[in-house]
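Novice: Sequence:
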Amino acid sequence: MGPRRPRTAAGRRLLDDLDEALNDSAKESKKLLEWSEIEIKTLDMLGQTVDRAEDLRRVFDAERKGEGRPAMLVKISAEIRSLDRQISTFMAEIQVDSGPKVSSRHLKAATARWDPARRAGEY
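Okay, so the sequence shown: first residue is 662 according to the numbering used here, each after it adds one.
Misleading hints may appear alongside valid ones.
[Unchecked claim] The calculated lysine-lysine pairs, modelled on DSS-like cross-linking and capped at a C-alpha distance of 30 Å, are:
#, residue 1, residue 2
1, Lys736, Lys702
2, Lys688, Lys769
3, Lys691, Lys702
4, Lys691, Lys769
5, Lys688, Lys702
6, Lys692, Lys702
7, Lys736, Lys726
8, Lys692, Lys769
Bear in mind the hints are in silico, worked out from the structure with no lab data behind them.
Note that this is a predicted model, so its numbers are computed, not measured.
Just need the whole structure built from these sequences, with the hints factored in.
Specialist: Written out as structure tokens, the structure is:
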């Protein structure tokens, strides 16, 4: 069972994009990739957090068009920033590929270290 569907279009779009990225990665690696139970829970929390952030953005816009109380706008803005940080944290926990990426710097270092030995037949 996958994560619950978010209420907002932004939440649904984000989870759809992540599902698509996972499917693309599976095709590229020719492996069956699916969300782990922990990732499903994380996706669920991610969707709920995006929904809350969208709700607060609507409240912020309504307050700005209405009374425009500075103290209220600051409080809502701070909560939106907090939710955005939480969304970033959840996104960092989700892996849509088959393994860790190797940086070009590390690849160059490994190649420099092992290619001369390989050519010389040392291993």
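Novice: Each hint: holds or not?
Specialist: Taking the hints in turn, this is what the structure says about them:
no.	hint	verdict
1	Lys736 <-> Lys702	holds (28 Å)
2	Lys688 <-> Lys769	holds (27 Å)
3	Lys691 <-> Lys702	holds (25 Å)
4	Lys691 <-> Lys769	holds (26 Å)
5	Lys688 <-> Lys702	holds (24 Å)
6	Lys692 <-> Lys702	holds (22 Å)
7	Lys736 <-> Lys726	holds (16 Å)
8	Lys692 <-> Lys769	holds (27 Å)
Of the hints listed earlier, there is not a single one the structure fails to meet.
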